[in-house]
Amino acid sequence: MGSERAEEPIHIVYSDEENVLDEEERNSRLFEDLEPASWINDEDTDVTTFFHRVDSDQIIYEAKKKRCKMIGKYVMGDLLGEGSYGKVKEVLDSETLCRKAVKILKKRKLRRIPNGEQNVQREIVLLKKLQHPNVIGLLDVLVNDEKEKMYLVMEFCVGGLQDMLESTPKKRFPLWQAHGYFCQLMDGLQYLHSQRIIHKDIKPGNLLLTLSGILKISDLGVAEALDFFAEDDTCYTGQGSPAFQPPEIANGHEKFLGFKVDIWSSGVTLYNITTGLYPFEGDNIFRLFENIGKGEYVIPDEIENPLRDLLHGMLQKDANDRFTLQQIRQHPWFLRKPPQTLEEVPIPPLRGDELHNMTVLPYLMDYHYVEDPASGQPQYYTEHERNAWAERGEQDTYPTECYPREWADQLGDLKSKESSPKKFQDDVGYGNSNKYHGDDEMETIADSTKRKTKRRPTSCISVKKFPPCKQS
Amino acid sequence: MVSLPENMTPPLSCDNLGGVFGPDPTQYAMTSVLGQCCDDAGQVYLAVYLPTNTPIALKKFNMDKAKDEMDNIQNEIILTRQLRHPNVVVINAAFVLDNYICVVSPLMAFGSCRDLLNRHFTEGLPELAIAFILKDVLLALDYIHKKGYIHRAVRASHILINEYGQAVLSGLRYACRLVKNGRWQRNVHSFPSSTSRNLNWLSPELLEQNMQGYNEKSDMYSLGVTACELANGMAPFQDHPPTLMLTEKVRGFAPVLLDFTTCPQYSDTGQQNSNPNQAHGMPSDAINSGVGDSVGSNGNSLEGGGLASRRFTDHFHRFSELCLQRDPEHRPSAAQLLLHSFFKLPKRMNAPPLPQLLHPVIPLTKVVLGTESSEDFFGVADRLSDLDLNTCEWDF
Chain A
1 MGSERAEEPI
11 HIVYSDEENV
21 LDEEERNSRL
31 FEDLEPASWI
41 NDEDTDVTTF
51 FHRVDSDQII
61 YEAKKKRCKM
71 IGKYVMGDLL
81 GEGSYGKVKE
91 VLDSETLCRK
101 AVKILKKRKL
111 RRIPNGEQNV
121 QREIVLLKKL
131 QHPNVIGLLD
141 VLVNDEKEKM
151 YLVMEFCVGG
161 LQDMLESTPK
171 KRFPLWQAHG
181 YFCQLMDGLQ
191 YLHSQRIIHK
201 DIKPGNLLLT
211 LSGILKISDL
221 GVAEALDFFA
231 EDDTCYTGQG
241 SPAFQPPEIA
251 NGHEKFLGFK
261 VDIWSSGVTL
271 YNITTGLYPF
281 EGDNIFRLFE
291 NIGKGEYVIP
301 DEIENPLRDL
311 LHGMLQKDAN
321 DRFTLQQIRQ
331 HPWFLRKPPQ
341 TLEEVPIPPL
351 RGDELHNMTV
361 LPYLMDYHYV
371 EDPASGQPQY
381 YTEHERNAWA
391 ERGEQDTYPT
401 ECYPREWADQ
411 LGDLKSKESS
421 PKKFQDDVGY
431 GNSNKYHGDD
441 EMETIADSTK
451 RKTKRRPTSC
461 ISVKKFPPCK
471 QS
Chain B
1 MVSLPENMTP
11 PLSCDNLGGV
21 FGPDPTQYAM
31 TSVLGQCCDD
41 AGQVYLAVYL
51 PTNTPIALKK
61 FNMDKAKDEM
71 DNIQNEIILT
81 RQLRHPNVVV
91 INAAFVLDNY
101 ICVVSPLMAF
111 GSCRDLLNRH
121 FTEGLPELAI
131 AFILKDVLLA
141 LDYIHKKGYI
151 HRAVRASHIL
161 INEYGQAVLS
171 GLRYACRLVK
181 NGRWQRNVHS
191 FPSSTSRNLN
201 WLSPELLEQN
211 MQGYNEKSDM
221 YSLGVTACEL
231 ANGMAPFQDH
241 PPTLMLTEKV
251 RGFAPVLLDF
261 TTCPQYSDTG
271 QQNSNPNQAH
281 GMPSDAINSG
291 VGDSVGSNGN
301 SLEGGGLASR
311 RFTDHFHRFS
321 ELCLQRDPEH
331 RPSAAQLLLH
341 SFFKLPKRMN
351 APPLPQLLHP
361 VIPLTKVVLG
371 TESSEDFFGV
381 ADRLSDLDLN
391 TCEWDF
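Here the protein sequences come in this chain order: A and B. Be aware that the first sequence starts at 1, since it is given in UniProt numbering, and climbs by one per residue. Be aware that the second sequence starts at 1, since it is given in UniProt numbering, and climbs by one per residue.
The hints are simulated quantities; they were obtained by calculation from the structure and are not laboratory data. Quick caveat: nothing in here was measured; it's all calculated off a predicted structure. Where hints are given, some of them may not hold.
Stated by the list, open to error - Listed below are the simulated SDA-like cross-link pairs for lysine to any residue, each with C-alpha atoms no more than 25 Å apart in a straight line: (1) Lys73(A) - Ser194(B); (2) Lys87(A) - Ile59(A); (3) Lys100(A) - Gln27(B); (4) Lys129(A) - Thr195(B); (5) Lys180(B) - Gln340(A).
Claimed, not checked - Here are the computed distance ranges between Cβ atoms for each label pair: (6) Glu148(A) - Gly182(B): 47 to 53 Å; (7) Phe95(B) - Gln340(A): 52 to 58 Å; (8) Asp98(B) - Arg308(A): 54 to 60 Å.
Here a beta-carbon is modelled for each residue, glycine too, at the ideal position from N, C-alpha and C.
Take these sequences, add in the hints, and give me the full structure.
What follows is the structure in structure tokens.
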């Protein structure tokens, strides 16, 4: 999130997201030309000669232009989230106008993660053959060998259960809402298990919601497909999130029953979304696994019986005693929807936008209506203003990302400049990327003056060079 | 031109035209192709139901070609069978033959409105004919909405006209339910699948796909676009790439009925080449500076021609504007629109029935087909297939 902002310091204008370095890289490069700060200890050195005081209204940002960029037939939008493997961005299918999400995987990054490339390959193979309303659908896979990038086009989701929980004070859902999600989770899980797939990483963070409120089990990165001739669901590896792991994995058993792993994680998930707590905690992973290994936990008193019994059944230390999916589906709590008493927890806004509008629209507006991308008046604002917006609770909401205002501007522009909507030139064929030097990813900016210079991105502070420092 | 006998009245419902139809494939004799539908996965045939010697329309879907559409087709058959309204398409029988799904419907003698526009009325239908057609479509929409469905594909090719001049709404395979788990939803959010061909008719709120969602008022917007299509001869946004169509709608640019009041420059010079779609809501000097050039003219023969002399009534203009409002809350419901003054025009102007307004189009009636003797029938059918009918959209 932090590496992709809507603004850049004025001295550095890089429009190409390729140049955005990872957080670590940025930090490491940022200070590489600075000497170790040993001189600060010099008695006679006045610190102020090295660190100029810069008022927040003297740091000026230029609002980043929304340049339309396409990958195959998909128009790129803004960032939706960031996983360990790469970014997830919104895209729009330019032919069907259907919103989608794309997971961008960089091979360079994958190599650094243990089993990274393997996990991705496995996820693609698994997702391709799956089709169920409660399992995220993989719609398209694009590969750019030159850039060593892979794009997984998936169904669009507006948010995940984890973000919703975090947006509420008590970090939990009303029972009726949790019940709805749990039932869908069980439907999806039953399908996965029927396809001989063990998810191994069920948790609120991997349960996403579509605009229609349909729950989608996502992130099959560590899932395992059982061998077709396997006698039972015995597994040997577990890679999921620690807090959701069952005792058999926490205790380091060599082999364990796969389906029951998902049942346990679903139990922890149900515990979490109904109480706002975790059944097992620990200061570090060792403590946590120690606690899970003991299998002792308390359910808060406010959780009453049919649900209490279900949680106990799902969180049985011995996998053989743990409920099966069929037992869960026949459980009284599962069968009966709790009364809709408390107010529904909504999906929290994305960068201040409660409606979760298409983030691709501003790029399309720029593409179709701004006559000459270079001539557009650059917008400037200061650090001071930015802080003020942030204080007013418009966190991460900067002018470039405010739809209504932008449209109003665009409309005003159109009237005053008498500029006309531009059509896609016919030679910029959608998806017809072969014409473009086999480059799958291209910028569809009308004028050819696109900057490709690789500049080093820097934070706004480092822009201000320290002249005394340089000399020493 | 075969005119209707004076005393001939349309039947209450078009499903009692030919009595009972069986699902036995051998009882249907296909004669000629009427048109394509569903992206070439389906073909519409003129056929005869042999036991009663009744001409019918038979739609064949190739199950191998229409894999993605199978769910939609299945839903269409199930839904259509549940509906019963004189202005909603009827399915008499549906069966599987080899790798085809066959759907039997009454023959619509005038074909679809898109056919009429393509073949005879390239500059648009007469206003009174549109009033007749849209009134029937509104009756159908009112019925469908009250049943808890949103049609999501109202367009000229989904409006069929039978020999009595009744308009019948088809294309129900894109419909979705507004009632979920027994509860009437305020809004739904699902984006229709395989809807690429309908995009130009869809409402801005449906296309936006945000948390607001959309409801049955979305169909009213599509009806407004259809009104423009029927009046102008070509569908609005026809030459726009989908993404430009999207931004135009989101910004609130609505299509308009093209006559000299909406495009005044035609009456002056008659040679301006800017796109009339852009004219609405733009300062007039912007138009004269050739703003619309890059959008491209659509090659419609209206330009500089019939447009200068044509004038739609204010009633019609107001009707389309009501439908095409950006905010769905402001759009009237189907029931409210049925009371609009536009629909009082035919009576006030003493309009003849629709078949006469469509003169010189010859409907495919029994009389024309001469089904009295089946030999003649096949003869006519052969002649029909010589005609250039394959290009027509008979999408129902």
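Each hint, compared with the structure:
no.: 1; hint: Lys73(A) - Ser194(B); result: holds, 16 Å
no.: 2; hint: Lys87(A) - Ile59(A); result: violated, 28 Å
no.: 3; hint: Lys100(A) - Gln27(B); result: violated, 47 Å
no.: 4; hint: Lys129(A) - Thr195(B); result: holds, 24 Å
no.: 5; hint: Lys180(B) - Gln340(A); result: holds, 16 Å
no.: 6; hint: Glu148(A) - Gly182(B): 47 to 53 Å; result: holds, 51 Å
no.: 7; hint: Phe95(B) - Gln340(A): 52 to 58 Å; result: violated, 44 Å
no.: 8; hint: Asp98(B) - Arg308(A): 54 to 60 Å; result: holds, 58 Å
Hints 2, 3, 7 from the list above are not met by this structure, while the remaining hints are.
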